[in-house]
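As a plain string of letters, each chain reads:
Number of protein chains: 2
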Amino acid sequence: MANISLKAQQMPASAIRKLVPLSDAAKKQGIKVYHLNMGQPDIKSPECALKAVRENTLTHVSYSNSAGLAELRTGLIEKYYRKIGIDIDMSEIIITIAGSESVNLALQIACNAGDEVIVLEPFYTNYNTFAFMNGLTLKAIPTDIRTGFQVPDIEEFEKAITPKTKAILICNPGNPTGTLYSKESMLAIGEVAKKHDLFLISDEVYREFCYTDEPHFSAMHIPGLEQNVILVDSVSKRYNLCGARVGCIVSHNQEVMKAALKYAQARLCPPVLGQIAAIGALDTPDSYIQAVREEYIKRRNYMIEGLNRIEGVYSPMPMGAFYTVAELPVDNTEDFARWMLETFRLDNSTTMVTPAASFYKTPGKGINHARLAYVLEIPELEKALHVLEEGLKAYPGRRV
Amino acid sequence: MANISLKAQQMPASAIRKLVPLSDAAKKQGIKVYHLNMGQPDIKSPECALKAVRENTLTHVSYSNSAGLAELRTGLIEKYYRKIGIDIDMSEIIITIAGSESVNLALQIACNAGDEVIVLEPFYTNYNTFAFMNGLTLKAIPTDIRTGFQVPDIEEFEKAITPKTKAILICNPGNPTGTLYSKESMLAIGEVAKKHDLFLISDEVYREFCYTDEPHFSAMHIPGLEQNVILVDSVSKRYNLCGARVGCIVSHNQEVMKAALKYAQARLCPPVLGQIAAIGALDTPDSYIQAVREEYIKRRNYMIEGLNRIEGVYSPMPMGAFYTVAELPVDNTEDFARWMLETFRLDNSTTMVTPAASFYKTPGKGINHARLAYVLEIPELEKALHVLEEGLKAYPGRRV
Chain C
-5 MANISLKAQQ MPASAIRKLV PLSDAAKKQG IKVYHLNMGQ PDIKSPECAL
45 KAVRENTLTH VSYSNSAGLA ELRTGLIEKY YRKIGIDIDM SEIIITIAGS
95 ESVNLALQIA CNAGDEVIVL EPFYTNYNTF AFMNGLTLKA IPTDIRTGFQ
145 VPDIEEFEKA ITPKTKAILI CNPGNPTGTL YSKESMLAIG EVAKKHDLFL
195 ISDEVYREFC YTDEPHFSAM HIPGLEQNVI LVDSVSKRYN LCGARVGCIV
245 SHNQEVMKAA LKYAQARLCP PVLGQIAAIG ALDTPDSYIQ AVREEYIKRR
295 NYMIEGLNRI EGVYSPMPMG AFYTVAELPV DNTEDFARWM LETFRLDNST
345 TMVTPAASFY KTPGKGINHA RLAYVLEIPE LEKALHVLEE GLKAYPGRRV
Chain L
-5 MANISLKAQQ MPASAIRKLV PLSDAAKKQG IKVYHLNMGQ PDIKSPECAL
45 KAVRENTLTH VSYSNSAGLA ELRTGLIEKY YRKIGIDIDM SEIIITIAGS
95 ESVNLALQIA CNAGDEVIVL EPFYTNYNTF AFMNGLTLKA IPTDIRTGFQ
145 VPDIEEFEKA ITPKTKAILI CNPGNPTGTL YSKESMLAIG EVAKKHDLFL
195 ISDEVYREFC YTDEPHFSAM HIPGLEQNVI LVDSVSKRYN LCGARVGCIV
245 SHNQEVMKAA LKYAQARLCP PVLGQIAAIG ALDTPDSYIQ AVREEYIKRR
295 NYMIEGLNRI EGVYSPMPMG AFYTVAELPV DNTEDFARWM LETFRLDNST
345 TMVTPAASFY KTPGKGINHA RLAYVLEIPE LEKALHVLEE GLKAYPGRRV
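Top to bottom, those sequences are chains C and L.
Start counting the first sequence at -5; every next residue gets the next number (this note's numbering).
Start counting the second sequence at -5; every next residue gets the next number (this note's numbering).
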């Protein structure tokens, strides 16, 4: 029996998905599981996107150009990016297999094996997975739950930068924290990137989910950083089309785009039917985006207030995306999450949360933090929080 | 301006796609280009696959399981693999983003950076790209156009194996050669893999395109090699659904599948709309597959006979897929292909071929070989071959 590679053995398992077998087991026992763990919204995709798929007239689902269908690229340029003040041409956008491929490509283009990438901690756990796959090291700069995980003093970046640092990777608004970075913070990060000539890889897939009155400030808007910014984007979140697997990589840097095209050609093309959905989604009325945003604001307010009413729980108020990272009064959120799925039952139900330790790189950090998504309707959220509260009271590893 | 990684700079560009700008330029001048260069068939997708997409009732295109939709996995197990004598369960199949992701995963699971993979030369050019991306070295064993690129003496494998060899990667039927390996050849390769405990990565995406009366002999059927075989498969070619981007990785080796799931989770899920097409395609009538096969046999016979009638051209008779690698009477097929696109015109048309040198690893090999696909209808093939013949007569770099 041949042995698999050491790399494949050591590849980190998804922290978000590894509790799924326990939740499946609970469901098999007839237990209702409230999913606060998932980033999968329950909101319908826009009708124009669904219609584009249903009414497609393809007789042959053949390859598209490796860079994506021209209609989608021009549509994104003209109907989407121009509207939000990002001015790009066809050579500056390549359609990817969702944001996931876009991040992975950006890391490979920016870094050789052995290089370092700076992230703000807690960070999206698959950043670590992609870094691992490419032999890169994430250098995490801690942020503080008490200040809403905001960008720390820029001196912290200076301390973290070494000769091996090639990029800063940010997520704005952030998964898992829901933190939205201000224009000032973005400009400060831009200064660091400029000073050390680093790539700034900016994952902005939650751009439509900002809950302030300020417009979202994209890394593409940082003056003088045009050649260093690589934008990671997706239609998955914007249009509730997570399964379409369509995103893009955008940069004014032609060397970056030429390299991205080589990688894109190696996997032939992005999914064509998903691209058709994305073309349809370009005509999504503003009212859809607005309604989704308002719904999330309601849910967020409900959940964050509910969390902070539970004794020993603390959550900042996230201003973007649809997550928060909260502090729970437990010894260890992974043990707690397992215990909830395996042992705790209230009215034949339980609540599932994502342990947040894997969103941290610094050992021991985030051990009593959990990521909670507000992707359920309020009546469901209400029950989920009630079960969570009772679970926390009963949990043997409780600590206040 | 930040510099991209050395790796991204050195990443090989697609040899198949790099002449596309020249062909686009010719078309802009109003020139008709006959594409013998592409592996994109002109045959319609099965109606049941198209219908499944048109009639889907999703209101929300959400993520599927990272391993793919259960309905597609069980459908493939029961409606497809069981019929061709491959007996697998749910833990032994993961849906991938087409065969491309499947090959890339298999290489990463089998090999660490620095390891070696044995391939038969000429090989699918993206094998080299994926090897490069993962820091692996392809060790190519030459095969001979005069014997139809068949598997050489097994001693050649023994000579190529070093302590760093971790896998043998084959494509059967083969892209670019169209060569079909006999059961005896497969068993012989299996013996080598067993003796040295190597993974045998078997890319069988052209399985339905075999033009002998013998059934295709899958690597999954090699006795005693169950723990070493990793099967790369796809619905792209079988059902003319190249743009759906749905394939799978199959293995009886549980360590392989556990690792594959970790990689699958990192990219969240395969394209859901493509999976819906693939579920529909499972009901493709045998008559469709049979009709496609008969059409290809006609085209193959027409093209191969036509090629061999041209002075100085030699092509073996491929017994699978829809390609051949032919020897042309030219100094260099890349120069010839460029000259055809840039300079040669007959009745306002030209023919495009793929230079085959990039399908070889051994320096200087394949320099006068071209890959030709018979994916056009016979009247088009006739014109394409006539233009090719006249081009060869007029080419300044002609050699006989």
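Take these hints with a grain of salt, some might be off.
Part of the chain L face toward chain C, derived, beta carbon under 10 Å [stated by the list, open to error]: (1) 6; (2) 35; (3) 52; (4) 98; (5) 128; (6) 132; (7) 133; (8) 136; (9) 138; (10) 139; (11) 257; (12) 267; (13) 271.
Keep in mind that the hints were calculated from the coordinates and are not lab data.
Backbone N, C-alpha and C fix where the C-beta goes; we use that ideal spot for every residue, glycine too.
Quick one, is the residue 6/L hint okay against chain C at 10 Å, beta carbons?
7 Å, holds
Given residue 132/L as an interface hint, is the shortest Cβ-Cβ distance to chain C below 10 Å?
14 Å, violated
Verify the interface restraint on residue 128/L: the C-beta must sit less than 10 Å from at least one C-beta of chain C.
9 Å, holds
Answer holds if the nearest beta-carbon of chain C is closer than 10 Å to that of residue 52/L; otherwise answer violated.
7 Å, holds
Under 10 Å, Cβ to Cβ, is where residue 267/L needs to be relative to chain C, so tell me if that hint holds or is violated.
This hint holds: residue 267/L lies near chain C, its Cβ roughly 4 Å from the closest one there, short of 10 Å.
Is the interface hint for residue 136/L satisfied, with its Cβ closer than 10 Å to some Cβ of chain C?
Since chain C brings no Cβ nearer than about 24 Å to residue 136/L, farther than 10 Å, the hint is violated.
Holds or violated: residue 139/L as interface residue toward chain C, Cβ cutoff 10 Å?
Since chain C brings no Cβ nearer than about 26 Å to residue 139/L, farther than 10 Å, the hint is violated.
Double-check residue 138/L for me: the hint is only fine if its C-beta lies closer than 10 Å to a C-beta in chain C.
28 Å, violated
Evaluation of the interface hint that places residue 271/L against chain C, nearest CB under 10 Å
Holds - the Cβ of residue 271/L comes within 10 Å of chain C, reaching about 6 Å at its closest.
Per-residue hint verdict: residue 133/L, partner chain C, C-beta under 10 Å:
17 Å, violated
Are residue 257/L and chain C close enough, Cβ to Cβ, to be under 10 Å, as the hint says?
Hint on residue 257/L: holds, closest Cβ of chain C at ~7 Å, below 10 Å.
Does residue 98/L hold up as a contact with chain C if the rule is Cβ-Cβ below 10 Å?
Holds, about 8 Å.
In summary, the structure is inconsistent with hints 6, 7, 8, 9 and 10 from the numbered list given earlier, while agreeing with the others.
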